[in-house]
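Asks: Start from the sequences and build out the full structure, keeping to the hints where you can.
Protein chains: 2
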Amino acid sequence: MSYTTPIRDMMFVMTELAGLDTVADLAGYADVTRETTQAILEEGAKFCGEVLAPLNVTGDRNPSQWHDGEVNASPGFKEAFAQFVEGGWQGLMHPAEYGGQDLPKLLAAPCLEMLKSANLSFATCPSLTDGAIEALLLAGSAAQRAQYLPKLISGEWTGTMNLTEPQAGSDLAMLRARAEPAEDGAYRIFGTKIFITWGEHDMAPNIVHLVLARTPDAPAGVKGISLFLVPKFLPNADGSPGARNDVQCVSIEHKLGLKASPTAVLQFGDAGGATGFLIGEENRGLEYMFVMMNAARFAVGMQGIAIAERAYQKAAAYARERVQSRPVDGSSDGPVPIIRHPDVKRMLATMRALTESARALAYVAASHFDLARRHPDESLRARHGAIYDYLVPIVKGWSTELSLEVTSLGVQVHGGMGFIEETGAAQYYRDARILPIYEGTTAIQANDLIGRKTVRDGGAVARQMLARIDDTLAELKARAAADSNPAFTAMHRHLLAGRMAMENAIDFMLRHVKSDPNAAFAGGVPYLKLSGIVLCGWQMARALLTSATREAEDPSFYGAKIATAHFYATHILPQTSAFEASIVSARGNEGVLALDDAQF
Amino acid sequence: MSYTTPIRDMMFVMTELAGLDTVADLAGYADVTRETTQAILEEGAKFCGEVLAPLNVTGDRNPSQWHDGEVNASPGFKEAFAQFVEGGWQGLMHPAEYGGQDLPKLLAAPCLEMLKSANLSFATCPSLTDGAIEALLLAGSAAQRAQYLPKLISGEWTGTMNLTEPQAGSDLAMLRARAEPAEDGAYRIFGTKIFITWGEHDMAPNIVHLVLARTPDAPAGVKGISLFLVPKFLPNADGSPGARNDVQCVSIEHKLGLKASPTAVLQFGDAGGATGFLIGEENRGLEYMFVMMNAARFAVGMQGIAIAERAYQKAAAYARERVQSRPVDGSSDGPVPIIRHPDVKRMLATMRALTESARALAYVAASHFDLARRHPDESLRARHGAIYDYLVPIVKGWSTELSLEVTSLGVQVHGGMGFIEETGAAQYYRDARILPIYEGTTAIQANDLIGRKTVRDGGAVARQMLARIDDTLAELKARAAADSNPAFTAMHRHLLAGRMAMENAIDFMLRHVKSDPNAAFAGGVPYLKLSGIVLCGWQMARALLTSATREAEDPSFYGAKIATAHFYATHILPQTSAFEASIVSARGNEGVLALDDAQF
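Just so you know, the sequences run in chain order A and B. Residue numbers for the first sequence follow full-length UniProt numbering, beginning at 1 and rising by one. Residue numbers for the second sequence follow full-length UniProt numbering, beginning at 1 and rising by one.
It should be emphasised that the hints constitute simulated quantities derived from the structure, not laboratory data.
Examples of chain B residues lying across from chain A (beta carbon under 7 angstroms, computed): (1) I339; (2) K345; (3) P574.
These stretches of chain B come out as covered by chain A in the derived footprint (C-beta under 8 angstroms, 3 or more residues): (4) 420-431; (5) 434-441.
In this text, a Cβ means the ideal position worked out from N, Cα and C, and glycines have one as well.
Replies: What follows is the structure in structure tokens.
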């Protein structure tokens, strides 16, 4: 098997760190017992391991193909997608009202993760459909919901998000696509959209494009953008796909990775205008998009974790098999599996520590989302919602940045074989490279973290996180006094140092964002990474405390957790001081900003 | 022009940091004036920019092709190679006695760099020829030198290095290729060699393979390996290529990058034995190889710097062109070139600081090489030789590791366009990934740095480097007291902290390498990176001092140097504390080594 779902660790995180039992107590989640959860993960793992994982390399070697406006998905994808629909996976966390299973995000998170680990190119398709579903749930009319949601939630039809244009990437203010009102109450859509994931394909009989465009009298900039639904085939009265709409896929991109996932250039309106239906109100498109984006960004963060997990599994398997060189401690006269060499262990431990800690933070975020939706206490709902919103740019930014390091180490563990495409490690390195870019680059996440998530509430939520870390630090200190395991002392020392660095960074942002915005935003990505390392380290500290208590129950699993947490403390957490130095030194336009444009 | 040789910075490093004038005073280098040096760089830059650089993307899109045992180089490569030979570039630093130009390594270094920046796949071919030349100069018989060196040094014939076999990569003790003595005084060579760069091609009429193999009675392990010369065509009496030798290219690899550079599987002896000629003495092959390897490893370090430079140039050019989003400081109402956004500046400054500092350290190492060869004082020759040997694993390991970060940032600066192959940024990201692997992985470099370069002399050379850094720190301190530029204070503070971390790491290695080798070697790569950051930072400190003195002569150039050094101090040097923590915490088998093989 090229991928084995890490169900044991997923269950550990869900139950011990992310409060599965608390989530199960929320209204409507009574079925979410540990047993059902385990059963769902096992069923998903079977599908992912047996059906999707083997197609991952197939898709890389046989990318989706464009031909005369049509796109054929990679071999085997159409059949696998039919099984995906059949299994009801698309509806996992969507409302039962429209045919979904209405499960909490905390349970959807590991399911998302395993899909993405098994086959990231494949998994981007249902992710985009999730985005379209969220948009319709948020702002669609009752008729739109009734017409489209059952088809999308069943997975029968797929969805896309059409934001980017050649001149408008991170900057949606520059968007030019036009929407002209027509006499039938619909709109005629004109324009070119690029980077449209699964924008055209043959896995589903219809594709529902969500498109940002401007109406004729819209204000300039981001306040004049509306959201439209543009189906590839206009539905007949009976719901079946009818007339072909005026949207054409003119090409797909030749990419570094994710080659099975077609990235389309879509041309709207070349034959008189594509028929589009306004979603919600005019000029509120960007607002709807931002709500959806939190879901999409969380999902991309999960992609980073998922690809890191798969790269780790492959590297660990190779390191156990490949025999080369005698051990430096003289414990064998002959060559040994390379996993016994200290540097290989260091690389694998780095991959593992980064991946597990990011998984923990992401699942914890998912549980805040569930509590924000369904907690009986309104003020607690708001509080959990604020924490989730705060964590989203960190989960997106940090989990995808670390996936670059993990997939790179995955190649390195393979030595020269890692550079040969047939080995497979290189695919993860290539695939991962888009993750810190799409759905908002790491800098865009950092801007969000600074502006909307740290400064807007005066640092209130950020400081709440520090207070929670302090609780864990107190537990660590008590435990370190009573227990000879040096992991507690090490974790206490390095988490404390990291937390202090994070507080200094928060204070820096609050003090300077207005008075010296260049300095603040020059430190944005370091601030995001610092926050990611500390918050993930906090999860590792929590894992350490729990695991030490339970070690006797399963010495190998909990022992590995303890060792990984210890490694995280001594190898990952110390990086925070460098980020703090970067942030603080940007003050006064030193360093980063001193070079003028022409000097580069 | 897709690549512009950074002649100004090269000349700055050569003259101000690496002592070009001192090198020119050595015997035989009287012609190496600043003027000739500049003229040679300009001529090289013309060839690299106009001929080689445009073929870089051609080669990536049209890899070398294998067909029935023959390999056709990518389109245009054969013609470019003819121009390379015509220009005499292969002989740059080789002896005049065999037709070379006998220039110092300090001058060869920038020439190597520009070749590799312009077209890394192309440049690997002459690099391997350099290796074959070094081997023959070191251990070839007078007859072998007379027969092969003029052909290799002119560039007419090319060379290869045949070390790796499927079961013997980093571990050459496992090598199995056989060499049987024949009655004609030659040997018959049998075996399979893999990963042979430019092992077969059509750019030259003959290829001289240097092959490691075992004679029948050789001792087991690395002490029973001999070095053989196996020409593709056995030379006729008149020196022209004669009978085809029994070595066949059975395939070439499908790789992540460096696609124009054919990586061959060579089969020796399937038709009765390839004719090989012993170089030097039997069983001393690995010893010769190690001498050569210092040259090859330096050259691969230059590859890291070269690809980083090219990725930087491309990213800076894009950032100046691409218009997107308003500046955070409100200095414009409309969108601006992205180079004006603080995070883009941070990324470009990181790319630039890493690249320039690594260039400086590599050229300084080259000048130690020249002094080690030709200084009139024997004890100083030895001293410079020891410093060069110490610096080689750092130049190789650190310059290639940083090339991963720089090429990755190069993609990130391009946003979504970076993931599209046609943009070109992705090629550098792919090409660079082999650099920390071939010619010895970073862990192998770290083992060399610890074992042969730090511990063997009891830390003498490593501590000499600290003493030199202390001299620079004293200068910085004096300057900081007299000058209001905060760069001096910042550099003093962070270089001092880095230097202390480096000293602790050296002491750790000396104390633990024997008593706890696992702990020492688990900290090997962090020790190498820490040393790289500090030693490169030291060069930036020296550049800062010189540039501040000369600023008035060329305010833009020296001002940029000062700002880059300042950035290095506050953004790169602070990383050393995390590496120190990693190294020291490996003691007592904590962290890295606590997980047993089965727990991964």
